[in-house]
Each structure stands twice: as C-alpha cells, then as structure tokens.
Amino acid sequence: MTATDWITAVLLPLGALFALVGTIGLVRLPTLLGRLHAAAKPDTVGLILILIGVAFQLPDISVATPLLLVVLFQFTTIPVLAQTLGRVAYSRGESSSEHMVVDELAEAVRHAKGGDQDGRQDRSPGD
Amino acid sequence: MSAAEARTGRSPYQRLLGRLPTVVWLTVMWALLWGDFSPGTLLAGVGVASLCYAAAKLPHLPVRLGFRPWYALRLGARIGWDLLWSSVQVAFHVLWRPGRVRGAIVAVPMRTDSDLLLAMVSGGLSLVTGSLVIELNREEGVIYVHGIPIDSPRGAQSLRRRIRRTEELIVRAFGTAKDVTGFEAAEEEFAALLRSAEAGTEENGEMQRP
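Chains as they are written, first to last, in this note's numbering: chain A, 1 to 127; chain B, 1 to 210.
Treat the hints loosely; a few may be bogus.
Over 10 Å on every C-beta distance to chain A, these chain B residues come out as not near it, computed from the model [unchecked claim]:
id: 1; residue: L20
id: 2; residue: S38
id: 3; residue: T41
id: 4; residue: W70
id: 5; residue: A107
id: 6; residue: E184
To spell it out: a stretch of chain B is covered by chain A in this simulated footprint if at least three of its residues, at any positions, have a beta carbon under 8 Å from a beta carbon of chain A; those stretches are [as the list claims (entries may be wrong)]:
id: 7; segment: 83 to 89
id: 8; segment: 144 to 152
Note that these hints are calculated values from the structure, not bench results.
Glycine residues also receive a C-beta, built at the ideal position from the N, C-alpha and C atoms.
Bound-form chain A, shown alone:
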C-alpha cells in the first residue's frame, strides 16, 4: 500500500463514522433542535472526510474539482436548511425548556408581549 492508499484507508472509515454518529444522534437526542444539530453537521464533516479520501485515489487533480464543488454546495445549503428547520421548530413550540440552560429568545418574546412600555411592541405588531 502506498501513502495515498493509507490516507484513503484512514479517511473513508472516519468519514463514515461521523455520518453514523450523526444518524445515531438523530435517533437518540431528546430535543428536536438537538436532532437538527446531529443530523446536519457531523454529516458535513463526514462527507468532507470521505471526499478528501476519494480525492487521493484520483489519477489527476483536475478530476477532483467536481468534488470541491460538492463541498462548496454542501457548505452553502446546509446552513439554510438547518436555519429554516430550526426557526420553524422553535416558533411551533417544539423546544422543551427542561433541556435548555437559558432561553433568551423566549425572554425577549415575553418582554415584547408583556412589557410593551418601552416602545418595542409597536415596531412589530404582527409578531
């Protein structure tokens, strides 16, 4: 085995391991927001590790540029997905407060709803 083979042999299982852990987290974590964390991001790391591992097996570096594009699009789409889902989950009350140390968003919402003397209320009446 050459050095590049060794790199691939290490990175591919490592990437697969990250993907596996992410999936286990999807099942085992107690809160929806926590599951979102586990589903979206260790998978990204796993994918990057796998792609780097694959890149070392390619005969030519120019063949590897599509792999770079895969990473790029993963980087730009994952935050959008996570953010949209997170926002919807939170606004539908899918976050349990017993698994939360502090929730400053809930405090801010309470503040905006209850104490409307400080002029914050009139700016966002639809909220």
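Following the hints, complete the assembly by docking chain B onto the known chain A.
For chain B alone, coordinates are given in the frame of chain A:
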C-alpha cells in the same frame, strides 16, 4: 434614456457590467461540470448562463465587500476547527448519555449593520455543529443562536464569546473599510456599556471579556 435606466439611475452598459461576474461564475461552473475548457464549451456556457439569467430575472445586488486575505485565512481555519471540534463533542454526547444533553439559546447583539455580513455570520454559525441561528432581529441587530451541548451559564457565555469572535473575523475579512470602522465604533460603545455595567455590579466581573 430608457425606463429601466430612469428607475435605477444606471446606464445599460453599467447594468450589463454588474451582471457580468454572475455570468462568468455560471460559465466557470458549466465548464467545470463538463470537465473541459475548450472554446466550444465556454461559448455554450456563456449562452446557457445568459439565458438562465434572463429567464430568472435575478435582481442586481449592489455587493460591497472588501477582502483581507490574512483574516479570511484565519476565518477559514476557525470555521474548519469549530466544525471538526464541535462535531467530535456532539458525537461524544450522542454516544454517552444523550438524554442528558442540554442546550441554550443566547441573544448576541451584532456589532455590524451590513446585510451581507450579517447573512455571512448567520450562515457561518449555522454551518458549525453546536450552533444554530434561530432568529435574527434585524431592527435591533440581535442574533439568537441555539447551542449544544451547554450545561451551565458559563457554557452559554463561552458560546457567546465564540459567536462574537466569528463575527469579528467575518467583518474584518469581508467588510469594506466603512464596515470595519462601524464595527470598531460599535465595539467601543459596547465596551463602554460593559464597563459601566461592571461598575454597577461587581460580582459578575469574570463573565466579561478582557
């Protein structure tokens, strides 16, 4: 003077020039996906890109960004490290007592007022495991981030510090000179606020940034 020109105050030439970078980017994508840069492919790419642009009627965004390589490099290293380290952390908590993992939502006032930079900050934060932007209050410039795993107020404080550091690096890497001075002014204001708060309450001094 055409109607469009009267609306935006820019000549057709300028309008075309503003769209050029996107067309070039799409063409490069096209050539990359085909895997060859021969003139025929490039020509077809330009054609498809222009057609897509015309069909989608994308608006022209006035992109005002700077670029400082040194800070961009540090930003890349930070996001890469955060991504890897927090993935390892989450992986550990997934395997070891996942039922006891707790998170927190912290409110962090942003010190920049640029739409583009704020979008970058929230994208960069959501990319990293262990932080997820839930809500962005644009009017007051406050960002609400969910972090995991956090089991004490001290952990929430360190999440806050991480967010502020990421913000600073993004502003310094991609902000214009005006963005950076605005950021520094807000930072100064914030520090003064913290000092006066500290003078009021002595006991939470260890929470503040040095």
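Please name the hints from earlier in the document that this structure breaks, with their numbers sorted from lowest to highest. The structure breaks only hint 5.
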